[in-house]
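Q: Just so you know, the sequences run in chain order A and B.
Per our numbering, the very first residue in the first sequence carries number 1; after that it's consecutive.
Per our numbering, the very first residue in the second sequence carries number 1; after that it's consecutive.
The hints are simulated quantities; they were obtained by calculation from the structure and are not laboratory data.
C-beta atoms are modelled at their ideal positions from N, C-alpha and C, and glycine is treated no differently.
You may find that some hints are simply not true.
Stated by the list, open to error - Ranges between beta-carbon positions, derived for each pair:
no., chain 1, residue 1, chain 2, residue 2, range
1, A, Glu36, B, His78, 40 to 48 angstroms
2, A, Glu86, B, Ile236, 17 to 25 angstroms
3, B, Asp263, A, Arg41, 53 to 61 angstroms
4, B, Gly157, A, Lys100, 50 to 58 angstroms
5, A, Glu89, B, Asn234, 43 to 51 angstroms
6, B, Arg280, A, Glu89, 49 to 57 angstroms
7, A, Lys82, B, Asn6, 14 to 22 angstroms
Claimed, not checked - With a straight-line Cα cutoff of 35 angstroms, these simulated DSBU-like cross-link-like pairs (lysine-lysine) come out:
no., chain 1, residue 1, chain 2, residue 2
8, B, Lys232, A, Lys47
9, B, Lys199, B, Lys272
10, B, Lys265, A, Lys18
11, A, Lys47, A, Lys100
12, A, Lys9, B, Lys193
13, A, Lys90, B, Lys193
14, A, Lys93, B, Lys272
15, B, Lys194, A, Lys85
16, A, Lys90, B, Lys194
17, B, Lys170, A, Lys90
18, B, Lys221, B, Lys272
19, A, Lys18, A, Lys82
20, A, Lys39, B, Lys272
21, B, Lys199, B, Lys221
22, A, Lys18, B, Lys277
23, B, Lys232, A, Lys18
24, B, Lys232, B, Lys242
25, A, Lys90, A, Lys9
26, B, Lys265, B, Lys277
27, A, Lys93, A, Lys9
28, A, Lys82, B, Lys193
29, B, Lys232, A, Lys39
30, B, Lys272, B, Lys252
31, B, Lys252, B, Lys277
32, B, Lys265, B, Lys242
33, B, Lys193, A, Lys93
34, B, Lys252, B, Lys193
35, B, Lys194, A, Lys82
36, B, Lys193, A, Lys85
37, B, Lys194, B, Lys265
38, A, Lys47, B, Lys221
39, A, Lys9, B, Lys277
40, B, Lys194, A, Lys18
These are the residues of each chain, in order.
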Amino acid sequence: MIDIASPVKVRQIAVSDKLCKGCYLCIWACPWDVFEISKERNWRGVKKPVAVRIEQCRACRLCEWYCPDFALQVIVSEEEEKRIKEVEEKYEKPWFDRLKKRDKIISKGVWWLED
Amino acid sequence: MLSEANFEHILAKKYMRTEIMPHAFCPGCGLGIIERIILMAFEELGQEEWEHTVFVSGVGCSGWAPLYFRRDAAHTLHGRALAFATALKVSRPNLNVIVVMGDGDSMGIGGNHLIHAARRNINLTAIIATNMLYSLTGGQMAPTTPEGARTQTTPYGNIEPNFNLMELLKAAGATYLAKWTTYHFIQAKNSIKKAIEHKGFAAVEIVFQCPTFAGRYILGKPDPRDMMQWLKENSIPLSAAKNKSPEELKRKIVIGEYLHRTDRKEYTERLKELEEKARR
C-alpha cells in the first residue's frame, strides 16, 4: 500500500450505478491503489469499485481510459463539473427531445404521413 | 458533487445513445475501449468531421460497437460491410466512412472484400477488432486463433497457422496500416486519427480482450484484468521484433505502425477522372 498524499486535489471519482458492470479494470489500471471493491451490491447487483483513498489520486486518468463501459470519470475541479453539465445541456438534451418527438409521432399510428 | 446513480462519462453524454446503455457487451469486453478510442480520436478531430461520418458494421460482437453512436450506422450482412461501405463512398465521396469489423467480417467470410478494397485503394477507414476467436456464437476457431490454442471447435489444439493480416494487406496495396492492442490506447487513438485523415485505404487492427471466451478457452484466464496483463506482456514493438526469429515471435503480438505511403492514387479520384473523360 502506498501512503503518500497527492499533490493534485481530486474533487470526485464518479462511478456510475447505471453503467458499471463490475469488471474491475479500473482497479487493475490504477497505479496508486485508490479503489476498493464495495461490500454491498447496488440496485443492478454489481459490487462496484469505490474510491476510498481519493487523497492518493494523481488524476492520471488511467482508470477512466480503461473503463469499457463509460461508467467512471475523474472530476478534478469545479470547472470540469461545469463542463459535464454544459455537454448535457448542449448535446444530450436535444437528442432526448428528438426521441420524445419521434415517439409522439409513432404513437399516433400512421407516422409517415404526419410531420 | 455529482450524483452517481445515473452518471455517464462526458464522452458518452456527447456522442452516444445513452438511452440504450449500458451496452450489450460482457463485463470487461474490450469493444467498449475501442468505442472510446474512436470517440477520443473524433474529440481531437472536431465536431465538423464527426458530422460527416457514417459507420458501417457487419455481424458479430464488433458489429454492435458503432450502433451506440449518435451517427448514422449501417448494420449490414455478415462479411459484406466493406462492399456496402465501398458503394457508400463512391456515391458520397465527401463522407468519412468508418467500417468496424471483427474476425469473421474482415478475414473469415469477408476476406475477399478486404483484399479487393485494399487493391482499389478506396478512401475507407477499416477498424479491425480481433479477439482470436468468434465470440458471438460461443468461441469457435477463427483465422486469428494462435497455433495450438484450444477452442470450442478445436478441443485438441488448433493445427492451422493464423493470418498475418498486415503483410496480406501490404501486398494487396493498402496505404495505411497499423496494429495495436486495447492496452496501447494512446497509440491506437493517434493511428485512428491518422487513418481518418489519410487518403486511401487505411486499416487499423486492434487486438482486444474477450474474457468470456478467449480468456477462458485460449489463455485459461477468465478475468479481464489478467487478459489485459497478458496483452501488455505479449506485445512487441515492430522495431524490436525485426531482430527476433519467427520461433520467438510465435505467440506474440507485433504492434506498431506498419505502413504509410502516399504514392498510390485513390479510387474515387480515379472515378472522377474517368467521369470527366467519358463526358467529353
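Q: Which earlier hints can't be squared with this structure?
A: Structure breaks hints 2, 10, 14, 17, 18, 20, 21, 22, 30, 31, 39.
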